[in-house]
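S.K.: Chain by chain, the residues:
4 protein chains.
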Amino acid sequence: MTDIAIVYHSGYGHTKRMAEHVHTGVKAGGATAHLLAIDEHGDLPEADWAKLHAAQAIIFGSPTYMGGASWQFKKFADASSKPWFGQAWKDKFAAGFTNSASINGDKHSTIHYFITLAMQHSMAWIGTGMMPSNAKAATRDDQNYLGSSAGAMAQSPSDSSPDEMPKGDLATAHAFGLRVATFVIAHSKA
Amino acid sequence: MTDIAIVYHSGYGHTKRMAEHVHTGVKAGGATAHLLAIDEHGDLPEADWAKLHAAQAIIFGSPTYMGGASWQFKKFADASSKPWFGQAWKDKFAAGFTNSASINGDKHSTIHYFITLAMQHSMAWIGTGMMPSNAKAATRDDQNYLGSSAGAMAQSPSDSSPDEMPKGDLATAHAFGLRVATFVIAHSKA
Amino acid sequence: MTDIAIVYHSGYGHTKRMAEHVHTGVKAGGATAHLLAIDEHGDLPEADWAKLHAAQAIIFGSPTYMGGASWQFKKFADASSKPWFGQAWKDKFAAGFTNSASINGDKHSTIHYFITLAMQHSMAWIGTGMMPSNAKAATRDDQNYLGSSAGAMAQSPSDSSPDEMPKGDLATAHAFGLRVATFVIAHSKA
Amino acid sequence: MTDIAIVYHSGYGHTKRMAEHVHTGVKAGGATAHLLAIDEHGDLPEADWAKLHAAQAIIFGSPTYMGGASWQFKKFADASSKPWFGQAWKDKFAAGFTNSASINGDKHSTIHYFITLAMQHSMAWIGTGMMPSNAKAATRDDQNYLGSSAGAMAQSPSDSSPDEMPKGDLATAHAFGLRVATFVIAHSKA
Chain A
70 MTDIAIVYHS GYGHTKRMAE HVHTGVKAGG ATAHLLAIDE HGDLPEADWA KLHAAQAIIF
130 GSPTYMGGAS WQFKKFADAS SKPWFGQAWK DKFAAGFTNS ASINGDKHST IHYFITLAMQ
190 HSMAWIGTGM MPSNAKAATR DDQNYLGSSA GAMAQSPSDS SPDEMPKGDL ATAHAFGLRV
250 ATFVIAHSKA
Chain B
70 MTDIAIVYHS GYGHTKRMAE HVHTGVKAGG ATAHLLAIDE HGDLPEADWA KLHAAQAIIF
130 GSPTYMGGAS WQFKKFADAS SKPWFGQAWK DKFAAGFTNS ASINGDKHST IHYFITLAMQ
190 HSMAWIGTGM MPSNAKAATR DDQNYLGSSA GAMAQSPSDS SPDEMPKGDL ATAHAFGLRV
250 ATFVIAHSKA
Chain C
70 MTDIAIVYHS GYGHTKRMAE HVHTGVKAGG ATAHLLAIDE HGDLPEADWA KLHAAQAIIF
130 GSPTYMGGAS WQFKKFADAS SKPWFGQAWK DKFAAGFTNS ASINGDKHST IHYFITLAMQ
190 HSMAWIGTGM MPSNAKAATR DDQNYLGSSA GAMAQSPSDS SPDEMPKGDL ATAHAFGLRV
250 ATFVIAHSKA
Chain D
70 MTDIAIVYHS GYGHTKRMAE HVHTGVKAGG ATAHLLAIDE HGDLPEADWA KLHAAQAIIF
130 GSPTYMGGAS WQFKKFADAS SKPWFGQAWK DKFAAGFTNS ASINGDKHST IHYFITLAMQ
190 HSMAWIGTGM MPSNAKAATR DDQNYLGSSA GAMAQSPSDS SPDEMPKGDL ATAHAFGLRV
250 ATFVIAHSKA
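Residue numbers (my numbering), protein chains in the order written: chain A, 70 to 259; chain B, 70 to 259; chain C, 70 to 259; chain D, 70 to 259.
Watch out, some of these pointers could steer you wrong.
Which copy? The list can't say, so a pair holds if one copy fits it or any two copies do.
Claimed, not checked - With a Cα cut of at most 27 Å, we get these calculated DSS-like pairs of lysine-lysine:
#1 Lys205 with Lys85
#2 Lys205 with Lys151
#3 Lys236 with Lys120
#4 Lys258 with Lys96
#5 Lys205 with Lys159
#6 Lys236 with Lys258
#7 Lys161 with Lys258
#8 Lys258 with Lys120
#9 Lys151 with Lys258
#10 Lys236 with Lys96
#11 Lys96 with Lys159
#12 Lys236 with Lys205
#13 Lys151 with Lys120
The hints are simulated quantities; they were obtained by calculation from the structure and are not laboratory data.
Starting from the given sequences, assemble the full structure and let the hints guide the process.
M.R.: Here it is, written out as C-alpha cells:
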C-alpha cells in the first residue's frame with residue numbers, strides 16, 4: 070500500500086480545511102493518507118516525524134503570510150535539516166498547497182519555497198496536473214479557477230471563516246490530493 | 070521634468086492596452102512618459118533605446134506566456150546586456166506589469182524575472198504600493214482585486230479580446246503608473 | 070527502453086559542452102538519450118519535437134543571460150504551448166541545467182523558470198539529488214561545489230572558452246544525467 | 070540625518086558578523102545606522118520595532134536555512150503584518166543580505182523572499198549595485214565574487230567559525246552597506 074503524508078500548519082483554520090480536502094482526495098486515489106498538523110509553536114510530534122520518514126510522498130501545506138509560508142511551517146522545515154543531513158527523504162515524491170486572503174497574494178512564492186525545500190531533500194516534485202479554468206464562462210466554483218500548476222491554491226477572503234471558503238477551491242484541493250496519489254501509485258519504484 | 074519610459078511587448082493586444090493605461094497613469098502623475106513597443110521579432114528601434122538610456126525610470130511590461138515573460142521581451146532583455154556591461158541604467162528606478170489568461174497563471178514568475186533583470190542593471194524596484202481588495206465584498210472591478218504587490222497584474226480570459234479586458238485591472242494599471250511617477254518624482258536625486 | 074531527451078540552447082558553446090556531459094551521464098544511467106539543440110533563432114526541427122513527445126523525461130538546458138534562460142530557449146518554451154494545450158507532456162519527468170559566468174549570477178532564477186514551465190506541462194520535477202561540497206576542504210573540482218539542488222549548475226568565467234570549463238562542474242553535469250536516468254528508470258510507470 | 074535600520078537573525082554568528090560589516094558600511098556612507106538583532110525565539114524588542122518605523126530604509130538579514138530565511142526571521146516577518154496593515158513602512162527603501170554554507174545553496178530564494186516581503190510593505194528595493202568578479206583571474210577575496218545583484222551574499226564553509234568567514238564576502242557586505250546608504254541619502258524625499 071502506498072503511504073502519503075500531508076504535513077501542514079494552519080493559523081485560523083482555512084488551511085486545515087484545505088488539508089482535509091487534500092486528505093480525502095489522497096484516500097480517494099487509493100493511498101493510505103496521514104494528516105499531520107504542525108502546532109502553533111511550529112512543532113510536530115516525534116510519532117508524526119516517523120510517519121514522514123515512512124511515507125512514499127509528502128505533501129506540504131501552509132497559509133501564505135507576508136509573502137511566504139508561515140513561520141511555524143518554516144520552523145518545521147528548518148527542523149527537517151535532521152533528515153536532510155542523511156538525505157532520509159531522498160527520492161520520495163513531494164507536492165504542496167497554500168491558502169491566502171488575496172487572489173494572487175504571493176501564493177506562488179510559498180509554492181516555490183516548498184519546491185526549493187523538496188529539492189534540498191532530493192525529492193521529486195508533482196504539481197496540480199490541472200489546466201486552469203480561464204475562459205469568459207469560468208466561475209469561482211470551477212476546479213483550478215485560481216489557475217495554478219506548481220501547487221494547489223485556495224483563496225479565502227480576509228473576513229471569511231473557514232466554513233465560508235470557496236467550494237471550487239476545496240474541490241480543487243480534493244482533486245489535487247487524488248492526482249498526487251494516482252501519480253505516486255503509478256510511479257512508485259517496483 | 071521627470072522622464073519615465075514604458076517598454077513592453079504585446080502578443081495579441083491585451084498587454085498593449087494595459088501599457089496604455091500605465092502610460093496615462095504616469096502622465097497623470099506628472100512625468101513625461103514614453104510608450105515603447107518591442108516588436109514581434111523582439112526588436113526595439115535605436116531611438117527607443119536612447120529614450121530608455123535618458124529616462125529616470127523604466128517600466129517593463131510583457132504577457133506571461135508559459136510561465137514567464139514572452140521570448141520577445143526576453144530578447145530585449147538579453148540585448149540590454151549592452152547597457153548592463155557599462156551599468157548605464159544604474160540607479161534608475163524600475164517597475165513592471167504583466168497580463169495573462171489565468172487568475173494566477175504564474176504572473177508572479179514574470180514579475181520576479183523583471184526584478185532580477187532590474188537588479189542586474191543596479192536599478193531600484195518599485196511595486197504597486199496598493200493593498201489588495203480581498204474582503205467578501207470585493208468585486209472583479211476593484212483596484213488590485215488580483216492582489217499583487219511586486220508589480221501590476223491583469224487577467225484577460227483566454228477567449229476575450231483586448232476590448233473585453235476587466236475594467237478593474239485597467240484601472241489598476243492606471244493607478245500603478247500614477248504611483249510609479251509620484252514615487253520617482255518624489256525620490257529623484259536632487 | 071527508457072527514452073530521455075535533452076533539449077538545450079547554447080550561445081557560445083559552454084552550455085553545449087555541459088549538455089554533452091549530461092548526455093553521457095544519461096547513457097551511463099542506462100537510458101536512450103537524445104541530444105537536441107535549439108538553434109540561434111530559437112527554433113527546433115520538427116523531428117526533434119517528435120522525440121520530445123516520445124520521451125519519458127525531458128531535460129531542459131540554457132545559459133543564464135541577464136537573469137534568466139536565453140531568449141532562444143524561451144522561444145522554444147513559448148512554442149511548447151502547442152503540446153501544453155493538449156497536455157501532451159503530462160506525467161513525463163523533467164529536470165534542468167544552466168551555465169553562467171558568475172558563481173551565483175541568478176542561475177537559481179533560470180532553474181526556477183524551468184520548474185515553472187515543467188509544472189505548466191504537468192510534468193514531475195527531479196533535481197540534482199546531490200549534497201553540496203561545502204566544507205573548508207572543498208575544492209572547485211568537487212562534484213556539486215556550486216551547491217545546487219533544484220538543477221545542475223556550471224560556472225564558466227567570463228573570459229574562458231568552453232574548453233576551459235571547470236572539470237568539477239562537467240563531472241557534476243555527468244552525475245546529474247546519470248541520476249536523472251536512474252530515477253526515471255526506477256520510477257517509470259509499470 | 071538619514072536613518073537606516075539593519076534587522077537580522079543569526080543562528081551561529083556568521084550572519085551576525087556579516088550584519089556588522091553591513092553596519093559599518095552604512096555608517097561609512099554617511100547615515101545613522103541601527104543594528105537590530107532578532108533573538109533565538111524570533112522576537113524583537115518593542116524599542117527596536119520603533120526604530121524600524123522611524124527609519125528611511127530597512128535592511129533585512131538572515132541565514133539561508135533549508136532554502137529560505139530562518140524561521141526566526143520569518144516570525145519577525147509575520148509579526149510585521151501589524152505595520153503592514155496600516156502600510157506604515159510604505160515608501161521606505163529596503164535591501165537584504167544572507168549567508169549560507171554552500172556557494173549557491175538557494176541564497177537567491179532568501180533574497181527573493183525579502184523582496185516579496187518588502188513589496189507587500191510597499192517599500193522600494195535596492196540591490197548590491199555591484200558587478201560580479203567573474204573573470205579567470207577572479208579570487209575568493211574579490212568584492213562580489215559570489216556574483217549577486219539582488220542582495221548581498223556570504224558563504225561560510227559548513228565547518229568554519231564566524232572568525233573564518235571569507236574576507237571578500239565581508240568586504241562585499243561593507244561595500245553593500247555603503248551603497249545602500251549612499252543611494253538612500255541621494256534619493257530621499259526632499
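S.K.: Each hint: holds or not?
M.R.: A quick look at each hint next to the structure:
When the C-alpha separation of Lys205 and Lys85 is checked against a cutoff of 27 Å, the pair qualifies only between copies, where the shortest distance is 20 Å, while the shortest distance within a copy is 31 Å. In this assembly of identical chains, Lys205 and Lys151 lie within 27 Å of each other by CA distance solely across copies; the values are 21 Å between and 48 Å within a copy. With identical chains, the CA atoms of Lys236 and Lys120 are never at most 27 Å apart, being 30 Å at best within one copy and 41 Å at best between copies. For a Cα distance limit of 27 Å, the shortest separation of Lys258 from Lys96 qualifies both inside one copy, at 20 Å, and across copies, at 20 Å.
In this assembly of identical chains, Lys205 and Lys159 lie within 27 Å of each other by CA distance solely across copies; the values are 25 Å between and 43 Å within a copy. For a Cα distance limit of 27 Å, the shortest separation of Lys236 from Lys258 qualifies neither inside one copy, at 35 Å, nor across copies, at 33 Å. In this assembly of identical chains, Lys161 and Lys258 lie within 27 Å of each other by CA distance both inside one copy and across copies; the values are 10 Å within and 15 Å between. Taking CA atoms no more than 27 Å apart as the test, Lys258 paired with Lys120 passes in both settings, with 19 Å inside one copy and 25 Å between copies.
Taking the shortest alpha-carbon separations for Lys151 and Lys258, only the intra-copy value of 25 Å comes in at or below 27 Å, while the best inter-copy value is 31 Å. In the homo-oligomer, the alpha carbons of Lys236 and Lys96 lie at most 27 Å apart inside one protomer (19 Å), although the nearest pairing across protomers, at 42 Å, exceeds that limit. Taking CA atoms no more than 27 Å apart as the test, Lys96 paired with Lys159 passes in both settings, with 23 Å inside one copy and 22 Å between copies. For a Cα distance limit of 27 Å, the shortest separation of Lys236 from Lys205 qualifies both inside one copy, at 19 Å, and across copies, at 14 Å.
Proximity of Lys151 and Lys120 under a CA criterion of 27 Å is satisfied intra-copy only: 15 Å inside one chain copy versus 36 Å between copies.
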